[in-house]
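K.L.:
Listed here are the chains, written in short residue letters.
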Amino acid sequence: MEQILTICVYCGCGCGVYLGKENGRVVASSPSRNHPISQGNLCVKGWHLHEFIHHPERLTTPLLRKDNKLVPVGWDEALDYTARRLSEIRDSNGPDALGLLSSAKCSNEENYLLQKFSRAVLGTNNIDHCARL
Amino acid sequence: MAGLATAFGSGAMTNSINELEDVDVVIVSGSNTTEAHPQIARRILAAVDRGAKLIVIDPRRTALAQEAHVHLALRPGTDIALLNGMMRIILDEGLADDHFIEMRTENFIALRDQLFKIDLDEIAAITGVDRQLMHTAACLYARAYKSTFCYCLGITQHICGTNNVQTIANMAMLTGNVEKENAGVDPLRGQNNVQGACDMAALPACLPGYQSLADMQIRQKFKQCWGVDVPLTPGRTVLDMTHSGHNGTLRGMFVMGENPILSDPDQTKVQATLEGLDFLAVSDIFLTETAQLAHVVFPAASFAEKSGTVTNSERRVQYMHQVIEPIGECKPDSTIIAELAERMGYEMYYESMAEVMEEIALLIPIYGGMHHDRLRSSWGLQWPCPNRDHPGTPFLHKHYFSGGKGHFTPAQHQEPFEPPGDAFPLTLITGRIYHHYHTGTMTRRCASLNRESDKALLQINPVDATTSAIRNGDLVELTSRRGTIRLWAQISEDIRPGQVYTTFHFSEAPVNLLTTGAADPIAKCPEFKVCAVKVARVES
Amino acid sequence: MKETTVILAKDNLQGLLRKLGRDKSLVAPVTNQWGDTLYTEITDIDGTELDLSKQPQASLKGFFFPQQEVIQTYDTTAGYEFTPQRHIQPTLFFGVRSCDLHAVLYMDMIFSSPERDDAYFARRQDTTIITLACTTPFANCFCNATGSGPFMEYGYDLQLTDLGDRFLVEAGRQQGEQILQAWGHFFEPATEEDVQLQYQLSLEAGGRFQRKVEVEHACRILASGEVDEQIWQQLSARCADCGGCAYVCPTCTCFNIRDAQQEPSKGERIRSWDACTFSGFTRMAGGHNPINSDHALQRRFLHKLKYDVEKHGKPSCVGCGRCVDICFGHVDITTFIEAVVED
Amino acid sequence: MYTPKSAVIKEIISENHLVKTFRLSMVDSQGQTIPFRFEAGQFVMLSVPHRGEAPISISSIPANPSFFDLTIRKAGLLTSAIQEMAVGDHLGVRGPFGHGFPLDDLLGKDLLLVAGGIGLAPLKGVMESCLSWKKVKKLTDISLTLCYGSRTPEDICFRATIEKWQQDGVSCRLTVDEADPSWQGEEGLVTGLLADQSSSGDGYALVCGPPVMIRATIARLQAFGWSDEHILTTLERHMKCGVGVCGHCHLDNTMVCTDGPVFTLSQLQEMKVAELG
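Chains as they are written, first to last, in the working numbering: chain A, 4 to 136; chain B, 174 to 713; chain C, 18 to 360; chain D, 42 to 318.
For reference, chain A alone in the conformation it holds in the complex (with noise of 0.2 Å):
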């Protein structure tokens, strides 16, 4: 079984955990032992992080809502659709009307990028995530 090091995703201590991989699956979860702050343990959450992750109720295609009823459609249509609906609004009430939430249980990266479509693509600072909730 394959172990590859990650960073638990759950609370702000940032635990050094260990992901097993069996058959393209995650299928363990074990602390690094050396790792500043996991040193060899994990709470109860980080023990079973792989649990949620093929969860059957992943979603596994984008979803478009049609006749009120979220139906599964392609990549190109669902994000055709979200960049002209976004440009249509931010043409017609200008980029203030728009708002972005992004994510503490994202990266870094995906953070700065979210941010930097926000005020350089869509033209406004309304974006904030959960830091305070």
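For the record, the hints were derived by calculation from the structure and aren't laboratory data.
Note that CB positions come from ideal geometry on N, CA and C, so glycine has one too.
A portion of the hints provided could be inaccurate.
[What the hints assert, rightly or not] For each label pair, taking beta carbons as the anchor points, the in silico distance ranges come out as: (1) 524/B to 28/A: 36 to 46 Å; (2) 275/B to 347/C: 36 to 46 Å; (3) 107/C to 83/A: 50 to 60 Å; (4) 140/D to 303/C: 51 to 61 Å; (5) 94/A to 390/B: 47 to 57 Å; (6) 240/C to 122/D: 50 to 60 Å; (7) 240/C to 71/D: 48 to 58 Å.
With chain A held as given, fit chains B, C and D onto it using these hints.
P.N.:
Then chains B, C and D, alone, in the frame of chain A:
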């Protein structure tokens, strides 16, 4: 965070997590550390076993409070009064660090004048904390050479959250407990990358790295890199967006990996706002309560299906290795954003996340030396790390505060927005429990965790339970001015009469139907820790 | 009975492992770039440096009894059919310490009764285990007190003892004998001097333990008497309920079984590690829990030190020390043993 | 050992608003019934599609191997899901597991069953067996007694069986915690029915129900002179494997699934189970 930035010039944990093992005295306030930050609690308990003194400030008798030498069980929302009282005692006992105050701080006179007006009996009445206990705690904290003050959302999630934090900073500076190893002020960050999201300026009022939106030089730097002018007006905060109303000026939203329906206060208002939007796009790994309202939902890759960096509570930027390929048709959020940008006519092509990090290093001075090759082969680097040769910074403000001198900002007690009264006689405190995390999107889908804890419990004191004829395990209804939820009673002496406690992990019992939208005017942090409720048994 | 004892020059180890790795996966301790030592599958013997100087952070448990595995798939399209799933991976484990092998032997016994556990033995079959005698115990080790080390006396296929520039190699079982026969040219005969040196090293190793854990004494007390209620309460108060002790323990074999629906009419039956320290471990459908949560640690400690002694004649703790450092509240099994002995 | 075999629902009897009895037959791949042999007091691990497995005691008599009954009360997800199933639906079954009641010792002796609610299910088969033994052997001097408590008259299970027993000479005493206007019988806890149930010496008392009821009943029976060896009960525990490996039903050094679920009072006393307080 705003409070700490005013005082010290920077709003992050001043020390490293492992430094906690070597403190002499540690105060933990508004943090159920053993459940919400188990690794930090592990360090605190190790320090206690080594002989350190532990002071816990919390209305509830948490597991850590049971290990504490002094437990100050204050009335919710009276932190400023309590700390002001402790500072007054420190002054009276001659335990202030005059030399530190003189050399490193400014505006002390204002604090001193305010503290001398305080009547300690009045403080005891406001906080419900015994004067003698307050005295013991103040002396323990001030006499030790290395005292650390850890706090969490129990401090910030009040309408006076910023002032709460400033008061903590005041107390640390008053006793010279900053600028050194094992001593400082440590806000414990609740999410794996909440620090990083702030650092990257997923915030409405600053540019990445807390750089000023208004500074011409900085704006120029960003313009050069991004090719466009950065908008000047500060944007809306989360609550300004999610509480903006059904047909407000906000018309479209893009939500990446958050679930405001459950996480934000006053759910009814949030739902009305989101439902009234012309367009809502959500990117997430599950069909969250928020995603169910969206016009478009993007299936995002989970943390195991992509690489990137996250920044923990002690400012440690760490690399996450990709473990598996994205499942189904999922794509990483970075790809989704880049594809949208391109469709809107903005070139946002990066070969890899390493290339994004290079841009971050270029633009954010405290991340100047952070590159994937360095982060991948190490346990990460703690910012500030200004250049490639810099080893990172385990504790902040060594020899000087980031903002020059430490600034005292006196604060006064302020009653909570919604104190209990006749119709709603109980104070509801919300927080987390050990087995679950935030809105439960992930942990509720972990079979083992959900087995351990599968329903929302309401912690209630036996006195209040008896008054309402509630037995342990009864289904009860909890009602505030904004709504009603159903959950199960857990009778416990660990909560005081007049208070009840529950969590926001369970979509079946969405506690944020009840909470108030009242928030701190500066940090915009909602008052999750105090709202008035009543409880009744549900007849079976 | 020691069938054959020979010498393997250290220079020949890599060549031997290359041969042995031909028809089996090769797993051995490797220290990665972050300093963590893991039992790692070695695909490139020339490009991988084995690290026999450190204790791997996890035992072999997960190879035979994984943290999570699909034991059956089911289909409800026509009726309700279950299809067993078996994972067979012929593997040679090299550099295993005696505590970890003792644990595997214990698991072999547990998963043999009342019938052979198919999922376990599918993974266990066709595996060879080559142990390395511990000449220098690690900081938290106490296998001398649990009768499971530092040298193996039985149960290994081959046991190596580091004699400096060479290994003394003992064949303990048929598989080991076969290796010695098949690859005889890698080995040379052992001299009386080599055997004497090994004995000397085993004596010295016994004196190098840094911890004195009075396992036997504690077992004797537990066999006859009750543990003071206060000890349980003190330990439980500090237990962080992480399950880490049971998960890192090479002999903790409690498990959970659950179903996960994958499609409208299909799903998987999953077996996963469980810990008797969790309150949900005994909670029944409907919510009633017949076990007091103050006694969560009781089950684990008494199982290892009392009930297994009654059943199998020795404790099922193998003294590997893995649970010691990692305990959030310092209430590991050695704390318990000390408390019992002092009381 | 862990692979369930197919069973099909032949009949569903609604006992009350929360409890149903499912009559099952084991079937082969062609749908042919295959025999299923068990002892009264044994249990099976029952699989319900997508809900996993749960231990359920068998409530029918062992005499006819072509079917067996499971009486199930809505408690968790699995037991709620099965309430929605229909005749002809398939379930998965492993077992039977555990030791049943020691019928060889019980046959021909005085028998007292004390049950609360659905706790009568595992005892039912014993009464049936003893009753037919009594008929076959024409034993007129042994007494068979049922003391049965329910929360309300609506909650009474196995009404038809109880009526039949009554006709066959079993002394059946029923009580409810909360009576309604239609209820003519006793009111109060089941222990109230035990007033004159003193031990005949070699008779057996079988007890099953909620923990509180077991505790109170045992105390009364002891007071009336029943020996610890002649009081039997069956324990309910969280179980996953049914074969003594997974650890969930561990009680000191015994496994309820393999060493029980039927225990004598003296065994329970050694194990200090929660049911005894």
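K.L.:
Does the structure break any of the earlier hints, and which numbers would those be?
P.N.:
Numbers 1, 4, 5 and 6 - these are the hints that the structure violates, sorted from lowest upward.
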